[in-house]
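Listed below, chain by chain, are the residues.
There are 2 protein chains.
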Amino acid sequence: MSVIRNILNSRPSKGGNFFNTLYKILGFKPKNLSHYKKAFTHRSLNKKDEEGNAINFERMEFLGDAMLSAVIASHLFKAVPGGNEGYLTKMRSKVVSRKHLNELGKDLNLIAHVQTNIPKEQFGVNIHGNLFEALIGAIYLDRGYKYCRKFIFDRVIDPYVDIEQLEGKVISYKSLLIEWCQKEKKEFNYEVYEDTGNDELKHFAVKLRIDDRVVAKARATSKKKAEEKASKRAYYALQSKIE
Amino acid sequence: MSVIRNILNSRPSKGGNFFNTLYKILGFKPKNLSHYKKAFTHRSLNKKDEEGNAINFERMEFLGDAMLSAVIASHLFKAVPGGNEGYLTKMRSKVVSRKHLNELGKDLNLIAHVQTNIPKEQFGVNIHGNLFEALIGAIYLDRGYKYCRKFIFDRVIDPYVDIEQLEGKVISYKSLLIEWCQKEKKEFNYEVYEDTGNDELKHFAVKLRIDDRVVAKARATSKKKAEEKASKRAYYALQSKIE
Numbered sequence: 001m002s003v004i005r006n007i008l009n010s011r012p013s014k015g016g017n018f019f020n021t022l023y024k025i026l027g028f029k030p031k032n033l034s035h036y037k038k039a040f041t042h043r044s045l046n047k048k049d050e051e052g053n054a055i056n057f058e059r060m061e062f063l064g065d066a067m068l069s070a071v072i073a074s075h076l077f078k079a080v081p082g083g084n085e086g087y088l089t090k091m092r093s094k095v096v097s098r099k100h101l102n103e104l105g106k107d108l109n110l111i112a113h114v115q116t117n118i119p120k121e122q123f124g125v126n127i128h129g130n131l132f133e134a135l136i137g138a139i140y141l142d143r144g145y146k147y148c149r150k151f152i153f154d155r156v157i158d159p160y161v162d163i164e165q166l167e168g169k170v171i172s173y174k175s176l177l178i179e180w181c182q183k184e185k186k187e188f189n190y191e192v193y194e195d196t197g198n199d200e201l202k203h204f205a206v207k208l209r210i211d212d213r214v215v216a217k218a219r220a221t222s223k224k225k226a227e228e229k230a231s232k233r234a235y236y237a238l239q240s241k242i243e
Numbered sequence: 001m002s003v004i005r006n007i008l009n010s011r012p013s014k015g016g017n018f019f020n021t022l023y024k025i026l027g028f029k030p031k032n033l034s035h036y037k038k039a040f041t042h043r044s045l046n047k048k049d050e051e052g053n054a055i056n057f058e059r060m061e062f063l064g065d066a067m068l069s070a071v072i073a074s075h076l077f078k079a080v081p082g083g084n085e086g087y088l089t090k091m092r093s094k095v096v097s098r099k100h101l102n103e104l105g106k107d108l109n110l111i112a113h114v115q116t117n118i119p120k121e122q123f124g125v126n127i128h129g130n131l132f133e134a135l136i137g138a139i140y141l142d143r144g145y146k147y148c149r150k151f152i153f154d155r156v157i158d159p160y161v162d163i164e165q166l167e168g169k170v171i172s173y174k175s176l177l178i179e180w181c182q183k184e185k186k187e188f189n190y191e192v193y194e195d196t197g198n199d200e201l202k203h204f205a206v207k208l209r210i211d212d213r214v215v216a217k218a219r220a221t222s223k224k225k226a227e228e229k230a231s232k233r234a235y236y237a238l239q240s241k242i243e
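In order, the protein sequences belong to chains L and D.
Going by UniProt numbering, the first residue of the first sequence is number 1, and it counts up by one from there.
Going by UniProt numbering, the first residue of the second sequence is number 1, and it counts up by one from there.
Okay, chain L solo, but in the shape it has when bound (with noise of 0.2 Å):
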């Protein structure tokens, strides 16, 4: 029975565990779920402690944006030495822009898990980009900043912070490819079907051939990010014949 009982429970339905939903999007072991609770709730529940103080994600979204702001700070830093203050600060407000933290919590689906008494279509635009921060105030609450800053990195740096692509030397990659496969009459195609697996986000995989060889592959949450991924992988792979 307890067998059968295992394999039901490893794989929750949507929102039936909020522990394994947390450690999917985390990558990591929640330890005092009350944090996440809070960064999940909306204000539209009117939910209060014993001292009568609101819990709702929005004082969360001011550590986590501190949080946030830390991390992207040291990360540029180390990354880029010969950036002086101007330049590192017009940075990191391209990586925690707006635009860009909606398109994070977009990603991760944050939305689905918010407890709220109003219907999520009458939440604003922001809503995905104050959960993200919520949600790394959270962090920062239950496993310090050692962990927060593993989080950013896994969720934000490593997949987006490209320091050629912020600078705007590279628009994008995809667009490099094209113009370079025109420029010496090559055949290219990128090939993008549906490849979520076992994760709890929907995925994209994509197939990039060149004069039908595959030069490179790639998966993201999004078709735009997995062709742009594969764009970068065959861009550096070609480079040495680019040049």
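I should point out that these hints are in silico values taken from the structure, not numbers from a laboratory.
Incorrect hints may appear among the rest.
[To be verified] 30 Å max Cα-Cα, derived DSS-like pairs, lysine-lysine: (1) 90(D) x 99(L); (2) 90(L) x 146(D); (3) 78(L) x 37(L); (4) 47(L) x 37(D); (5) 217(L) x 207(L); (6) 146(D) x 31(D); (7) 24(D) x 183(D); (8) 94(L) x 146(D); (9) 90(L) x 37(D); (10) 24(L) x 99(L); (11) 106(L) x 90(D); (12) 146(D) x 37(D); (13) 146(L) x 186(L); (14) 94(L) x 48(D); (15) 47(D) x 90(L); (16) 90(L) x 90(D); (17) 186(L) x 94(L); (18) 94(D) x 90(L); (19) 106(D) x 90(L); (20) 99(D) x 90(L); (21) 223(L) x 29(L); (22) 150(L) x 146(D); (23) 24(D) x 48(L); (24) 48(D) x 78(L); (25) 223(L) x 174(L); (26) 90(D) x 48(L); (27) 24(D) x 99(D); (28) 202(L) x 224(L); (29) 31(D) x 146(L); (30) 29(D) x 146(L); (31) 24(L) x 146(L); (32) 31(D) x 48(D).
Given the coordinates of chain L, work out where chain D should sit on it, guided by the hints.
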């Protein structure tokens, strides 16, 4: 001989031993001095590393500012559970105001350790705060977030972050105390004297007497601060009598 050397080394002359100077400022042992050297290098020296990147404290201010903001955010988040996002943001900007950071840098006399090619009198008014931020950046690079947080607690939060005072509920404990003495027709007297002792920084001690009885003592890096500290202590000690 080694005993004599140890005695001689135990109180190095000002600036004579960078490690000891730092140890006194930080309250813990620095590991990699190169970060701190950078934090005390003015751009007028025109120093560059092998790759031609400028070596001076300006980039480090960016890092220190981010760490300071994060630590203050997490402190306020925990200390004021009833404060919403807007309140927390406002309180933080008071703590990390340019004026406040300049005071902190001045108290630690950071300017004494700057390496520069221009006379220090030509530095702008914000040099003290800038050096303070750069020092925090150096601590982060040298000892990580934990020590950075410790330094900010020891040097900023514990001595200066008084929520009631920040909220403007209490402007000055000294004025509160004087008001009370006048109302109650009590004589009061602040006896201030220099009391630097073994500290590198100049210190002042205060004895606060009410009706010729010492009700509080305090010690700080300026007369004003020592008086305020003693007043606060006396105020809380007298609370039961005042109400």
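Hint check results:
For the hint linking residue 90(D) to residue 99(L), the alpha-carbon distance of about 24 Å falls within 30 Å, and the restraint holds. Distance hint between residue 90(L) and residue 146(D) is fulfilled; the C-alpha atoms sit about 27 Å from each other, no more than 30 Å. With a C-alpha separation of about 34 Å, the suggested pairing of residue 78(L) with residue 37(L) is violated against the 30 Å cut-off. A hinted pair counts as satisfied when its Cα atoms are at most 30 Å apart, and residue 47(L) with residue 37(D) does not qualify at roughly 50 Å.
Pair hint residue 217(L) plus residue 207(L) holds up; C-alpha atoms about 5 Å apart against a cutoff of 30 Å. Note on residue 146(D) and residue 31(D): the hinted pairing holds, with a Cα-Cα distance of about 14 Å set against a maximum of 30 Å. Between residue 24(D) and residue 183(D) the CA atoms are separated by roughly 43 Å; this puts the pair beyond 30 Å, and the hint is violated. For the hint pairing residue 94(L) with residue 146(D), the CA-to-CA distance comes to about 27 Å; that is within 30 Å, so the pair holds.
Pair hint residue 90(L) plus residue 37(D) holds up; C-alpha atoms about 26 Å apart against a cutoff of 30 Å. Annotation: proposed proximity of residue 24(L) to residue 99(L) holds, straight-line Cα distance about 24 Å (limit 30 Å). The suggested pairing of residue 106(L) with residue 90(D) holds, with an alpha-carbon distance near 29 Å, which does not exceed 30 Å. For the hint pairing residue 146(D) with residue 37(D), the CA-to-CA distance comes to about 21 Å; that is within 30 Å, so the pair holds.
In summary, the hint linking residue 146(L) to residue 186(L) is not supported, as the alpha carbons are separated by about 46 Å, beyond the 30 Å threshold. For the hint linking residue 94(L) to residue 48(D), the alpha-carbon distance of about 28 Å falls within 30 Å, and the restraint holds. Straight-line distance between C-alpha atoms of residue 47(D) and residue 90(L) comes to about 24 Å, which keeps the hinted pair within the 30 Å bound. Proposed proximity of residue 90(L) and residue 90(D) is supported: the alpha carbons are some 23 Å apart, at most 30 Å.
For the suggested pair residue 186(L) and residue 94(L), the alpha carbons sit about 34 Å apart, so the restraint of at most 30 Å is broken. A distance of roughly 24 Å separates the Cα atoms of residue 94(D) and residue 90(L); the hinted pair therefore holds under the 30 Å criterion. A distance of roughly 29 Å separates the Cα atoms of residue 106(D) and residue 90(L); the hinted pair therefore holds under the 30 Å criterion. At roughly 24 Å between alpha-carbon atoms, residue 99(D) and residue 90(L) fall within 30 Å of each other, so this suggested pair holds.
Annotation: proposed proximity of residue 223(L) to residue 29(L) holds, straight-line Cα distance about 29 Å (limit 30 Å). With a C-alpha separation of about 15 Å, the suggested pair residue 150(L) and residue 146(D) falls inside the 30 Å cut-off, and the hint holds. Between residue 24(D) and residue 48(L) the alpha-carbon distance is near 45 Å, which puts this suggested pair outside the 30 Å criterion. With a C-alpha separation of about 16 Å, the suggested pairing of residue 48(D) with residue 78(L) holds against the 30 Å cut-off.
A C-alpha spacing of about 12 Å is found between residue 223(L) and residue 174(L), which places the hinted pair at or below 30 Å, so the restraint holds. In summary, the hint linking residue 90(D) to residue 48(L) is supported, as the alpha carbons are separated by about 23 Å, within the 30 Å threshold. At roughly 24 Å between alpha-carbon atoms, residue 24(D) and residue 99(D) fall within 30 Å of each other, so this suggested pair holds. For the hint pairing residue 202(L) with residue 224(L), the CA-to-CA distance comes to about 13 Å; that is within 30 Å, so the pair holds.
The suggested pairing of residue 31(D) with residue 146(L) holds, with an alpha-carbon distance near 20 Å, which does not exceed 30 Å. With a CA separation close to 22 Å, the supplied pair residue 29(D) and residue 146(L) stays within the 30 Å bound. For a cut-off of 30 Å, the pair hint linking residue 24(L) to residue 146(L) stands: about 18 Å separates their Cα positions. A C-alpha spacing of about 22 Å is found between residue 31(D) and residue 48(D), which places the hinted pair at or below 30 Å, so the restraint holds.
The structure is inconsistent with the numbered hints 3, 4, 7, 13, 17, 23, although it conforms to all the rest.
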